[in-house]
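Colleague: For reference, the chains in residue letters:
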Amino acid sequence: MARYAMVLDTRRCIGCHSCTVACKVHNDLPVDMIYNPVTTVGPVGVFPHVHMEFIPLLCMHCANPPCVECCPTTASQQREDGIVWVDENKCVGCKACVMACPYGARIPNHEKGVVQKCDFCKDRLVLGKEPYCVATCHQRARIFGDLDDESSEVYRLVNQENVVRLLPELGTEPYVFYIMD
Amino acid sequence: MKPKEDIWGWMLAVDFFFAGMGGGMLVIIGVVEMFLGEGRTSLIANFIAPLFVALGALLLILELGRPFQAWRVFLNPKAILTIGAWCMLMAIGFGLIYATFGIKALPWSGWVVIRKLVAVFCVIFGLVVATYPGVLLGRHKSRPFWTGFGMVTLFLTSSLVTGSSAHLLCNLILPPAKLEISTILPYLAAGLLAFQLIFWILYMWMKKTGTTDREAQAIQSWINGDASIGFWGGFLFAGSLIPIVLLLIPSAISYLIGVILVLLAGLWMRINVIHAGKTRTWLPGEERYRGRLPLGDEAFLKAWLKD
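Quick note, the sequences are listed as chains A and B, same order.
Residue numbering for the first sequence follows the numbering used here, starting at 521 and increasing by one per position.
Residue numbering for the second sequence follows the numbering used here, starting at 6 and increasing by one per position.
Isolated chain A, as found in the complex:
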């Protein structure tokens, strides 16, 4: 069984928000919903060596997802390949998962009355394609793959580069890794 993960190389990200737009289009999201924002940090450094940093955010598909544990309806689920997703038929929109997620990755859809989130485009994975944000990123700042596959690029990056996880102290064990400057 695969264990999907994503590596975000912030050295390559230029903050163009193409991934944000691609995600909104692919998932047909209402105007007030964004699954994967790109935040701006900076300027950092000392003149003349200053630069901006761009941090793409999305669901971390944690190994210990607090959003799944707290869901009273079992709508929030985790597949064996690690993908955390929401069964919209079961979701009642209680927002327990919105409050539990430390990464702000769960967004209430006020039109449907349910909570939605990034699911690594599992509909595309079935067809052997990458998540839409990965396919759209022209800087190749997003690398997606199977962490259990030793020949995959994500495996190599996670094991060879100096990757970090966000909020590791919370013990959620995110499967989205960042390569920072």
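It is worth saying that the hints were derived from the structure and are not from the lab.
This one's a predicted model, so the numbers in the text were calculated from it and none came from an experiment.
By construction, the Cβ of each residue, glycine as well, lies at the ideal position given by its N, Cα and C atoms.
Be careful, since some hints might not be right.
[Claimed, not checked] Straight-line C-alpha distance at most 16 Å; calculated EDC-like pairs for lysine to aspartate or glutamate:
#1 B/K311 with A/E589
#2 A/K544 with A/E689
#3 B/K307 with A/E631
#4 A/K632 with B/D11
#5 B/K121 with B/E43
#6 A/K632 with B/E68
#7 A/K615 with B/E68
#8 A/K642 with A/D601
#9 B/K146 with A/E689
#10 A/K642 with A/E600
#11 A/K615 with A/E631
#12 B/K146 with A/D643
#13 B/K311 with A/E631
#14 A/K544 with A/D639
#15 B/K183 with B/E303
#16 A/K615 with A/E589
#17 B/K307 with A/D552
[To be verified] On the chain A side, residues computed to face chain B include the following (Cβ under 10 Å):
#18 L577
#19 V618
#20 P622
#21 I627
With chain A fixed as given, assemble chain B onto it according to the hints.
Modeller: Same frame as chain A, now just chain B:
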């Protein structure tokens, strides 16, 4: 800049208020029945306690995105919300059953053993209903205002404070057949209020000095920011200290004013504690990013959504 993030709204806070107060009342009803016997709590209180829990449950349902699918919240026994929902249901059921024992025309009003057994369940489920909001909030590791065991104590204490105050109010409207508890209730409420006052100050001090920077920042608005007047002047002074004095003066009018202040303070506390959970441990650049998102009432957004 106020970051935009969808969080629980005021209805959940009001649910916590009514359910907590009802739970606190049920605990007192059950303990009094178990150790002292029947007829010592007001019949109004016996009926209104489970109805308060039911009102809380109704608000919880209305807070949902899909209220007609509310039955689904009973399905995951590992989730705190599910445990809370079941315990609210049990508290309503056992509370109403216990209340009917006070109607002498009903054939089961003399079944003492069953009444005592129902009282035990009232205590158990009342205690869970009074406590579980604190457990629910305290388990949020990324919400620095809530995280930790302190929330459990604060919510349990507040539920017992508002519950005992509500009993006092019911006693003023319809006194119970036997009055000995009525004389103790004001002292019980005042003692709990004193404990609550001290524990809130300790909670603030602990958050400020003993834990992480995030937690210290999260309580800053309560200490000397936007919520500080409400907290120090409203909740602690007008909602705790003044009622302690009023409840120690044996007069119906002073009890009435004291109880009203306590209930208003309990409501304020819950609304503001829920609101304080808005402050999450932000990711790099996230606070600035969310601060730039439209809040929904901007002219361009309204025009866009109209089409």
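Colleague: Run every hint past the structure and note whether it holds.
Modeller: We went through each hint and held it up to the structure:
1. For a cut-off of 16 Å, the pair hint linking B/K311 to A/E589 is broken: about 38 Å separates their Cα positions.
2. For the hint pairing A/K544 with A/E689, the CA-to-CA distance comes to about 31 Å; that exceeds 16 Å, so the pair is violated.
3. In summary, the hint linking B/K307 to A/E631 is supported, as the alpha carbons are separated by about 15 Å, within the 16 Å threshold.
4. With a C-alpha separation of about 15 Å, the suggested pairing of A/K632 with B/D11 holds against the 16 Å cut-off.
5. With a C-alpha separation of about 9 Å, the suggested pairing of B/K121 with B/E43 holds against the 16 Å cut-off.
6. Under the criterion of a C-alpha separation no larger than 16 Å, the hint pairing A/K632 with B/E68 is consistent with the structure, at around 14 Å.
7. Distance hint between A/K615 and B/E68 is fulfilled; the C-alpha atoms sit about 9 Å from each other, no more than 16 Å.
8. Distance hint between A/K642 and A/D601 is fulfilled; the C-alpha atoms sit about 11 Å from each other, no more than 16 Å.
9. As the CA atoms of B/K146 and A/E689 are separated by approximately 10 Å, the hinted pair is consistent with the 16 Å bound.
10. In summary, the hint linking A/K642 to A/E600 is supported, as the alpha carbons are separated by about 13 Å, within the 16 Å threshold.
11. Between A/K615 and A/E631 the CA atoms are separated by roughly 14 Å; this keeps the pair inside 16 Å, and the hint holds.
12. The straight-line distance between the Cα atoms of B/K146 and A/D643 is roughly 32 Å, outside the 16 Å bound, and the hint therefore fails.
13. Distance restraint check for B/K311 and A/E631: the Cα-Cα separation of roughly 14 Å lies within the 16 Å cut-off, and the hinted pair is therefore satisfied.
14. Restraint check: the Cα-Cα separation between A/K544 and A/D639 comes to about 13 Å, which is no more than 16 Å; the hinted pair holds.
15. Simply put, B/K183 and B/E303 have alpha-carbon atoms about 61 Å apart, too far for the 16 Å limit, and the pair is violated.
16. For the hint linking A/K615 to A/E589, the alpha-carbon distance of about 13 Å falls within 16 Å, and the restraint holds.
17. Only pairs whose Cα atoms come within 16 Å are accepted, and B/K307 paired with A/D552 is accepted, the gap being roughly 12 Å.
18. Interface restraint check for A/L577: the shortest CB-CB distance to chain B comes to about 6 Å, inside 10 Å, so the restraint holds.
19. At its closest, the beta carbon of A/V618 sits 6 Å from a beta carbon of chain B; the interface hint therefore holds under the 10 Å criterion.
20. At a threshold of 10 Å, the smallest CB-CB gap from A/P622 to chain B is about 3 Å, leaving the interface hint in force.
21. Interface restraint check: A/I627 against chain B, minimum CB-CB distance 7 Å, threshold 10 Å, status holds.
Of the numbered hints given earlier, the model fails hints 1, 2, 12 and 15; all others are met.
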